[in-house]
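Undergrad: Next come the chains, spelled out residue by residue.
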Amino acid sequence: MDFSSFLLMRHEIILLAIILLLVVAEVSIANNKKNSIVHLAIFLFGIHTIIGFLKMNYGNLFGGMFHTNELIQFFKNILNIGVLILLLQSGDWIEEKILQQQRGTEFFILIFSSLLGVYFMISAGDFVMFYLGLELSTLPLAALAAYDITKRLSSESGIKLILSAALASGASLFGISLLYATTGSIYFAEISEAITANNLTILGFVFFFAGLGFKISLVPFHFWTADVYEGAPVSIATYLSVISKGAAVFILMILLFTVLKPLMAIWENIIYVIAIITMFVGNLFALRQQNMKRFLAFSSIAQAGFILLGLITGNQLGSATVVYFVLIYVFSNLAAFGVVQAISLQTGKENMKDYEGLYRTNPNLSLVMMLALFSLAGIPPLAGFFGKFFLFTAAASKGYYLLVFLAVVNVTISLYYYLLVVRAMFLRKNENAIPYFKSKIYMRLGLLITAVGILFIGLYSPLYNYIHELSKSFFN
Amino acid sequence: MDILSLFIIVPIITILVLVFTKNLKQARVVSMLGSVVQLVMAINLVFAYFNERVVNDNIMVFTKDVVWFEHFNIHYNIGVDGISVALLLLTAIVVLAGIFISWKMYDLPKEFFMSLIVLSVGVYGFFISIDLFTMFVFFEIAVIPMYLLIGIWGSGPKEYSAMKLTLMLMGASAILLVGILGIYFNSNADGGALTFNILEIAQVNIPYEAQKLFFPLTFIGFAVIGALFPFHTWSPDGHASAPTAVSMLHAGVLMKLGGYGVFRVAMYLLPLGAIDWSWVFIILSVIGVVYGAFSAIRQTDLKYINAYSSVSHLGLVLFALLMLNKTAWNGAILQSLSHGFMTALFFALIGMIYERTHTRDISKLGGLLKVIPFISVIYVIAGLASLGLPGFSGFVAEMNIFVGAFQQKDTFMRVATIFSISVIVITAVYILRVVGIMLMGPVKNEAFLKLKKVTWYERFGILLLLIPIVGIGVAPLWLSDMILESLDPFIKGLL
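Residue numbers (the working numbering), protein chains in the order written: chain R, 1 to 476; chain L, 1001 to 1495.
Hints may contain errors.
Claimed, not checked - Pair ranges (Cβ atoms, derived):
| id | chain 1 | residue 1 | chain 2 | residue 2 | range |
| --- | --- | --- | --- | --- | --- |
| 1 | R | Gly59 | L | Glu1209 | 46 to 56 Å |
| 2 | L | Val1067 | R | Lys151 | 49 to 59 Å |
| 3 | R | Thr347 | L | Gly1156 | 52 to 62 Å |
If you are wondering where the hints come from, they were derived from the structure by calculation, not from laboratory data.
Ideal Cβ placement from N, Cα and C applies to all residues, glycine included.
Please model the entire structure based on the sequences and the hints provided.
TA: In structure tokens form, the structure reads like this:
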């Protein structure tokens, strides 16, 4: 094995290098100049994102523990873009709030470590690597959720996250061990050949699925979501709902479509039921939320339910639509959370009531928020519509018309609560509306990118075609 | 650039220009110019269509086909036949009239005109689409601006009405989506590829079971926006709360999407389903016709009267479509057009009356003929057109509908027809009641004596709508020729 084969891990190596660079920067930059760390981190990560798009080789490493291909590279790039936008959106927050507490660098190190874990998780070729990635991606998040040390809720959410995450990982690990017991291997490639549908494998699968379901916040593994989102800093809530969830969906898809394909008759039914309850619970609970972060938490639970409509197909069309949907979801959700972040940073307000009359004082922010919500609700010509339509098409292609029908009922329910926010911003008049403010350049850039993405990703069909081709080569 | 894509591109350019306008004056001039261009294009299209028809006997002309999402076989595929040309003309006229009527929109003018034009993009796109997916996209684009238009610029319980309207229409379109997917996945029944192309699907023999399952979904999905009883409840509230121009556009144009969609998608693509299910929907539409008319009698708010009258008139459109013959269908399309102009005119007049007297309650109004004669006379004319007086568009339409309906010989159809004909009398009652109370008699309020004159832009908007009403009434033949020859492919599916 020569050195060049390590280049397969290009994403991981560069990110690790950035983390180490930041450690060096932390000790070598004087305390009163620490805000240059923010610029440095964002700059480095921007470079990393661009490098990610360059052509690379694909293959296996470490005897198949780690593998990468075009679809995985593409997905890592989606996550990179998401994290980059997230960093842009939280740059101001770190400069204004966190640097004074001397903890700016740690924020970046933790978030990059978690992303590193995500990379390993989706590149995993066996269950050990998968589990390592899962843990590496989760543990820093608990620290990050508790990052707002001036707030009690934040510490509470950190504790909640670490406890429930530990439980979920435990369940997952137990499931993996059962799968190992029945198939005698931890390598994905070998398991997919050896696995048969007997009671023990099904039990193993269920435990394993529960662990991942926790990360995607599927009902009934969703109880931590709203509380953690509410207490955690907005950036971390964003990360949890966008990056962490997106990655978990992706690895679940890979596992279901390749390794666990022989069990399809089983997991089809499980996903069918969970999709329905996830959509309904997410949507119905979102109806009454007043806090914007809790609101978006339930909205993202409901969106996860929609994603399952693509997963249930178990075919290449499903995988293409899921990846496409996640890409669009990243942009839409980042836009919504970005606006929440901007307002929360400026005024400390996070309730829907505070948003009343926002359009008359801050038209641009309200427009971005409206685009984001309409995209999440699936209104054309915004990207979210295409994502949803294709997911439903994928499910209908397998004849799940009833499921699609229930999903469109849920789309209508979800439209109601998205419109509640639009109502507050556009329809209501308010004497004490949040006064006009101008965010800093990072935040504006972040919101601009998401808005442009929401407007044009859907209309630009070559992007979908590209994803379609990638998943074709992967799953056929 | 082809002649039809311009119908989408011009409004989009108008919207982009609107972004840079600073005040009401600039905004209204820009939107007016954009809409005038659209109207010129629509009139030009009518002539171009007649010329093209002579040499081209395809179902759709001026077609353009660009692959959009190749894996789903989704195309940006546009084209028109006689029906869509007529409806495009209707849209162009009503939009321009609506902009004239909102000449003094002081609150957030830029946003108002932008939303209005976004809505019109949706409508234009809907009428020219041949691809189901594209059609569905435009359908939703047309619906969603209504929420802001009613919610921000409306009156009365506007938040409630806006929410109700949006949820009911979007809920319907969600059901429609299932129907469309059902059609899509059965479009390869004859062994071809899956397609969203309406013309291609029409050639396919979709299995009977599938037609039976997906027809009601598709039909209801469209018919909700066409105010099918019992899904019409969004319409009176929505109309009553909406600002004038939005009521005009909504009743005049947007509700036509329902009838058009039912005809072009549900009945054209699923003819066996249509035959199977027609009795259910005939009953519902007859109830709508009669119920709408009776409700209109009991209302005192002018807008509610007109809204229920719309439920009744559009019920007649659905009824005529379900009669499954060309005469009735011709009547249905003519009724759509006639009702579009007429009801837009009504709402414009109601808006003008309300702006002057600050009430829409007919019991508080009286003797308006003496104080605002122009508005009052036009109101009478619109009323006469609405109750189907010969010489106006309403007569031509209803004549065709009932002649067509009587061609159906079995008892059930006869009974339904007789019920729906009774609406002619009821319509006369509620129209003449309003005319009597509101326009005739002594002036009820001193303040009415000093009402302000009708301005030039109001006259302009009114005349724009009045001309086609009289025009269709006096010379309907060119229009019904254009429509009738486009009906042939539809009837083939039923034979």
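Undergrad: Could you run down the list of hints and mark each one as holding or not?
TA: Going down the list of hints, with the structure as the test:
no. : hint                             : verdict
1   : R:Gly59 - L:Glu1209: 46 to 56 Å  : holds, 49 Å
2   : L:Val1067 - R:Lys151: 49 to 59 Å : holds, 53 Å
3   : R:Thr347 - L:Gly1156: 52 to 62 Å : violated, 33 Å
Going through the hint list in order, the structure does not satisfy hint 3, though it satisfies all others.
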